[in-house]
Every structure is written in C-alpha cells, then in structure tokens.
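Residue-level listing of the chains:
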Amino acid sequence: MKKVITMLLAGGRGERLYPLTRDRAKPAVPFGAIYRIIDFTLSNCINSEIRHIYVLTQYKSTSLHRHIQLGWNILSPALGEFIEVIPAQQRIDEHWYQGTADAIFQNIYTLQHEKPDLVLILSGDHIYKMDYRKMIAYHLEKGADLTVASIRMDRSLSKEFGVMEVDREGRIVGFQEKPEEPRTIPGDPEGILASMGIYIFNTEILVRRLIEDARSDSSHDFGKDIIPAMIKKDRVFHFDFSQGDCGGLGYWKDVGTIDAYYEANMDLVAVIPQLNLYDPEWPILAHQQPYPPAKTVLLEEGRVGMALNSILSHGSIISGGSVKRSILSPKVMVHSYTEVEDSILLSGVDVGRHAKIRRAIIDKDVQIPERMEIGYNLDEDAKRFTVTASGIVVVPKGIRL
Amino acid sequence: MKKILVVEDEEGLRLLYQEELEAEGYEIITARNGKEAIQKLEEGKPDLIILDIVMPVMDGMEALGRIVGKDRKIPIILNTSYSGYREDFMSWVADAYVTKSSDLEELKTKVKELLEKGKAR
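Sequence order for the protein chains is A and B. Under the working numbering, think of the first position of the first sequence as 1, with each following residue one higher. Under the working numbering, think of the first position of the second sequence as 1, with each following residue one higher.
The following block holds chain A by itself, in its conformation from the complex:
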C-alpha cells in the first residue's frame, strides 16, 4: 500500500466573504448550521480512510486552530494517525506564503520527515463529498506524476477557475488559469473542464517541481505555474469528479462570495437538498458542544413559537416567535412576536421581542434588540451593515446594536 500524506491548504483570506472572514479564515466560516467549511474536506478525508493530514494555516488562524483542536481530536496517535495544524513558520522565507505552491515548498521539511509515496493536496474552501481513494487508484492506474480533479462548469465562470484541455486518454494537454477566452469541452461549447484545486502528486516529482519553481521568478501557484510547466514534461492526468463524487449529483461549491454562501446554505432547507447531510455512508463530522435539544415553546393566541422549512440546532429555543426558511446554528434564542425569514443565524444569536429579520446573515453572538428590523429597508441597513448585490444583509460578529 502506498503511503499518502495530505496537505490541506487552509490559509485563504476569503476576502470576498467579508465580514464573515473578518475574524476567521475562510475554512473556519460556519456553514449549514453546525459545520465549518473545512469540515467537509476533513470528513472526506476520514471517510476515505485518509488519516495523515497536515492543515496549513496562516491568516487569522486562531478560530481554525481551536476548531480543529476541539472538533477533530478523533484520530489515534497510537496508530500513527493525525490531523496536525502547521501555522506558517517562516523557516525558509520571512514572508507569508506567496502562493499555493510556495505553501507546500515552505513545508518541505515536513515532507522530508514523512517521505510519503504520494502527496494529496486539498483546499479547505469547498463544500463537496468525494472519495479520494478513487482518485488515488486512478492516479496509480494511469502511472501519473500528477492527477488533477476536474468538474464541468459553465464557460461563463472561466475567470474563476483553472481550465484544462485533455486528450482521449485523460491526459491534460492544455491548462489556462482563469482565462477570459477558455477552451471549451469538445462537443460541449458551453462547458469547461475546471480544476477543483485537488491534486495528487508523486512525492519526488512534486519536490523537484516545487524547487524549480521556488528558484525562478514565478507567482508560486499550482494553477498558474506548476501545472502549466508540468504538462509539458510530466505525465499529468485529470480525474473526473463524477467518478469520485459520493453525493452523486456533482455537488461542489466554492462558497467564495456572500451571495454564493447564502445560496449554498439556503439550498439545505429545500425538501430534498442537492447536498445530502443524512447519508450514513458519508457522514459529515462537526464539533458539537453538549447543548440540550432544540425547542419551540408557547402556543397562545398571537404568540406561537414555530419553525417552518428551517434547520434548527441543539441549544436553540424559539419562544413565541416565528422562523421560516431559515438556518439556526446552536444556542440561538428567538423571542416572542419576532419574525425571522430566509435568514442564517449563527450560534449564540439572540433575537429580541418584536424584531423582524429577513434575507440576512447574523454572525455569532449578535444581540438583536427589541423591535429592530433588518432586511426591510436596505438603504438603512447599508448604513451599518454589508448589503450584497442581491440584497443579503450581513450583521457582523461583535457589533453592538
């Protein structure tokens, strides 16, 4: 059996998710009531029996460190298993990581220490369910030096992705990073083959290519530099996500913007969501604190505690208020005569009596005062909060109202 080490890149700033990323790195942003974005990738690893994982962090990593310490202390060190967080150490370069490839190069001592046969490189920014074992098997079967996971995307999104061109054998013969004019899929003029930022490298090739890149003028990025250089001289293949997709519906989301984040969350309250969180074969693990079960109380004339088409988490109480099409994280308190609609309330949020909230994201521990209205007058909201192009209001963590 081949020795595989996973390097999970969790250092992204997630600037387009601001203010949700004001106090935390993107992988630590809460998602789907009880999860953090990184939980999906880590769950994929565990479900794929991958238990040698380094999580590389840099900016605003406190929240992420705490989450991994509290929520992911599930492996057995006695069996050599680990999820270990490595903050940027500046052992080689005195700067922050300059690109994704630089992040791995700066940790060359860790690769040296482990000497794996293969290195699986993942990003902590995406929501999807995937069996990495299938990709590893494919990589070995093809005798590849590098395998890149791919997914079909609409060509209109080409500026957000690495776009590849492949031959009949699945070998990547062209790679454009975020092109304006992408090469489309043969026979599918509206489709592109996008890179998912998931790579499997043979370790020796990886190290040699990283060193070549580190010693040249480059942006030190896998998509911009390493892959385009490698397709000219090495065996580089693509792995079609549908071959490893455990959800079966091709669900893979980069929740890179507030609007995308809102939509991906809201999809979960659908009767049959695209992302199935109930599959016992592919559980998504999360750090759960021992709060009591969620509860709705009061059933009086004009004062009914209710939640409809919503997700509720433990520790939450809806007391005489109404919650519709919303997602409530743990320990949310909704008081009497309130209306919460189409909103995401993160943990510890308290909604005061007679308050009205719609199409909003309320970050952790925010206290909404009595009678406050959010989402009803966007011009007013925009004076205090972030309001997105599609009209989603974001109330940031730590704000005093």
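To be clear, the hints were calculated from the coordinates, so they are not data collected in a lab. Keep in mind it's a predicted model, so treat the numbers as computed, not measured. For glycine and all other residues, C-beta sits at the position ideal for the given N, C-alpha and C.
BS3-like mimics (lysine-lysine), calculated; alpha carbons at most 27 Å apart, straight line:
1) A:LYS397 to A:LYS383
2) B:LYS70 to A:LYS224
3) B:LYS110 to A:LYS233
4) A:LYS253 to A:LYS159
5) A:LYS233 to B:LYS73
6) B:LYS117 to A:LYS233
7) B:LYS73 to A:LYS224
8) B:LYS110 to B:LYS70
9) A:LYS295 to A:LYS356
10) A:LYS295 to A:LYS397
11) A:LYS60 to B:LYS70
12) A:LYS232 to B:LYS73
13) B:LYS40 to B:LYS100
14) B:LYS117 to A:LYS232
15) A:LYS233 to A:LYS142
Each pair of labels, with its calculated beta carbon distance range:
16) A:LEU140 to B:ASP88: 20 to 30 Å
17) A:SER219 to B:GLY84: 33 to 43 Å
18) A:ALA270 to B:MET58: 52 to 62 Å
19) B:MET58 to A:GLN288: 44 to 54 Å
20) A:GLU81 to B:LYS3: 43 to 53 Å
21) B:GLY44 to A:ALA382: 51 to 61 Å
22) B:GLY84 to A:GLN288: 45 to 55 Å
Fit chain B to the known structure of chain A by using the hints.
Structure of chain B alone, referenced to chain A:
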C-alpha cells in the same frame, strides 16, 4: 571578477579552498557557519556559494533554505564529507552536491559550470 562565498567551519579547509579558488581567478569571501553566511550575503552579493553542511551555530541545510528565501537564483554547491544528505529533499534545492575529497577538481568543475550557466541566464 566572480565572487564566491565559501562557508566552511574547518579553518584548514577554508584556507585551502580560498587559495585554490583564488588561483583559479575568483574573489573569495568566507564564513564559518550558516549564520555568518547569511550576514555575508547581506553585505555583498556573491555570484556563487559553496556550502558545507555539518557546521556549528547554523548548519548548511538550515542556511540553504534561508539563503534561497533571500535570493532565489543564486547558485549553491553543497560541499560535504557525507553522501547521505543527497536523500534529503532540502539538498535538492542546491544546484550541485559535491562530496569532499583531497582533490578539488570536481568542485572546481562545478563552480565553473554553474558560473557559465549563470552568464547564459
């Protein structure tokens, strides 16, 4: 005249390299360990570095990373009595790996090769 930084903790060897390489027409500056090498690098840019591995204060492997962090392209020759470090990924960062011997021909050839290559670049 091409300037070479020789990083070597043993004084006898340091002098030997200095004499032999000066005789080849190079300007030589020296450092006794990795830490001194990094200081020398900051004082004036050499065209090439000959780097011992086993040294006190800061060894050559550690220095190698730091040097490349400061100057990506400077040619570096690892020069050591031990061949085992060849297996260290970090040693691959160097442009050449020479095992020390009383005969300096291999080292001189590598120096010449890398400086020529540098000219072409």
